[in-house]
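**Q** If you want the building blocks of each chain, they are given just below.
Number of protein chains: 2
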Amino acid sequence: MTDRRPADTGMSLAEIDTPALLLDLDAFDRNVARMARAAADAGLALRPHAKTHKSPVIAQRQMAAGAVGVCCQTVNEAEALVQGGVGDVHLSNVMAGRRKAERLVALTRLARVSCCADSDHGVAELAQAACAVGVILPVLVEVDVGHGRCGVPPGEPAAELAARVADTEGVRFAGLQAYHGGAQHIRDHQARQDAIGQAANAVRRSLAALDRRSLSCPIVTGGGTGTFPFEAASGVFTELQPGSYIFMDADYARNRDETGGPFQAFEHSLFLWATVISTRPGERALLDVGHKAHGGDSGPFVVADHPNLIVQPAGDEHGTLVLGPDTPSFPVGTKLRLIPGHCDPTVNLYDWYVCLRNGQVAALWPVAARGPGP
Amino acid sequence: MTDRRPADTGMSLAEIDTPALLLDLDAFDRNVARMARAAADAGLALRPHAKTHKSPVIAQRQMAAGAVGVCCQTVNEAEALVQGGVGDVHLSNVMAGRRKAERLVALTRLARVSCCADSDHGVAELAQAACAVGVILPVLVEVDVGHGRCGVPPGEPAAELAARVADTEGVRFAGLQAYHGGAQHIRDHQARQDAIGQAANAVRRSLAALDRRSLSCPIVTGGGTGTFPFEAASGVFTELQPGSYIFMDADYARNRDETGGPFQAFEHSLFLWATVISTRPGERALLDVGHKAHGGDSGPFVVADHPNLIVQPAGDEHGTLVLGPDTPSFPVGTKLRLIPGHCDPTVNLYDWYVCLRNGQVAALWPVAARGPGP
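Chains as they are written, first to last, in my numbering: chain E, 1 to 374; chain B, 1 to 374.
Just chain E, same shape as in the assembly (with noise of 0.2 Å):
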């Protein structure tokens, strides 16, 4: 709301004042080519999800290094890709009301739009906005492959809904939405592939039951950050749709490996930067950084050049790290960059990406979708 920009280009980081909300440009960009190598080596299509950026820029970059497009999860994100300049936009979740979907159907004047339904009353609020404008929804049915949250029961109800999406004018069935939130974060590495083997078999019993009506379904998508190579390696997606992967967060990093070691297939690019604001030598400092500069729900800060201090949120505005005996000082007027616990919910709480190139200020990237809608 603030029009004031956190900082100028070419500043050094030094002089960036705090909260600000930091970007890494070459950690970004190694992330952001990575992941587009890995969908390229399995013969994927990969569709970055953007409710993670909520920033045009970002999608432009990852569609400039191969992704086909990018999901995004509400109209608003859906409204400033595309007024952004992004031409292809599915949106992964299921929406109600005649305006949100009024609104999703007027985009596609000028971007390939599509939308996901879990319900008869969905897919007559797509199909009508579609009729009154003369256009053609594509709708892909969601289904609930273990999330436990949206989307039809695998097999024959996923066919069932295809089938009405199929017989209802102003929309065409485009493919099953298939994405397991709950898998992301399992730690181990084997339990996230079983939890991804069982999606996979979920999608397998719906294309089993849609095949029965003749349905062709040519879009799988789903995946994260967590789990993507799971469902690369099913042989039944068709698209990947992970987002975290280009900033990582302290989360992603407590998932393990085949190895049991850290979860390292992508670098930590995203920051929050905090100043020491008080301190209480040998105890405790307080930094300008608590709940309202934080998406607090997947744990605490990490302080990025001493990955075993922790800030915990202590209020609002304020953040403590605790300060142990072996703990270096740290002043008041300490600036230190933070990893965040989790990086969309973080993100959201910013107006503004302070990019980094060298030590210094290369970009502002505004979080234009900012917000939780409508």
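Just so you know, the hints here were simulated from the structure itself, not pulled from any lab data.
Don't be surprised by glycine CBs; every beta carbon is placed ideally from N, CA and C.
Among the clues, some could well be false.
[Unchecked claim] Derived contacts from chain E toward chain B, CB cut-off under 7 Å, selection only:
1) R254
2) T275
3) A293
4) D344
5) P372
6) P374
Once you have looked at the hints, place chain B on chain E.
**A** Below, chain B alone, put in the same frame as chain E:
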């Protein structure tokens, strides 16, 4: 960041799209009047905390009802308030950074502004910025009266820093900041009262130490929505700083009053407006509000018109309403008013208040200081 307004004036509640932050103006006005009367009855100045609302419009209404000014917690809040016409702003927090001190001092051209310090570093930075433009900044010494966050220890250390302020060019000692954040949500009435009894003793020890140095202390400011009657009764506070009373939230409603019943001195006036987007009858309904729509550090949403039902965040864009055998059905498209768990960080997610009077949108008030800063 999005320039889109979430509603238009004159709309009915049913027409407002979701998620939206609703403010019931009748309940809000009653809360504002109740706290103004409580402070007046106690003979204390009222300086409500604007970190709760981040809105100069709301600050002006609080002052029109009798408040002497408002508190804020960050420089960007102070800027938004002063630029919005608020004439008296106390930054009830310590800070660090030359640019922040300069920005705060610049506001003294437009409004009465004061600030806190708990370190020599803080005093020096504020003094330097004030001297550079030839003003005298009132500085309150923040005392740790039990929260264990910022603040110098009570008694002699408080007086020592006050003397430092008094002896430093560009700043003057204006009083003690003595807020006990940790006491606000102690559930039991007696235990909450005891915590503030100890805070008041810490203030008394500090006042005695100031007296020994012949330093007069015109202001002792503190208190919050959960404890203000105790600060008022202590005889040592001159000013109250409650914030959340204007909105209430589900967490404050879990405090107990002196009878052991729920704390009901104020009414819920702030709600999230959410839509059921998916449902599995008898099991769950999914709403379009998750981590990005709700400051979730103090528990789940409570359904306003079904106070025994809660909505747990189920990811960044989803909330789960668990349905039991006796729960009414909530078909797709149903809209519900939810009481946030914690009002301050929830407000911080939205760009606008959608203000309702007689069931219609009466105004849209910007959350002008949204965001963590800098």
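**Q** Return the numbers of the hints above that this structure violates; sort them in rising order.
**A** Of the numbered hints, just 1 does not hold.
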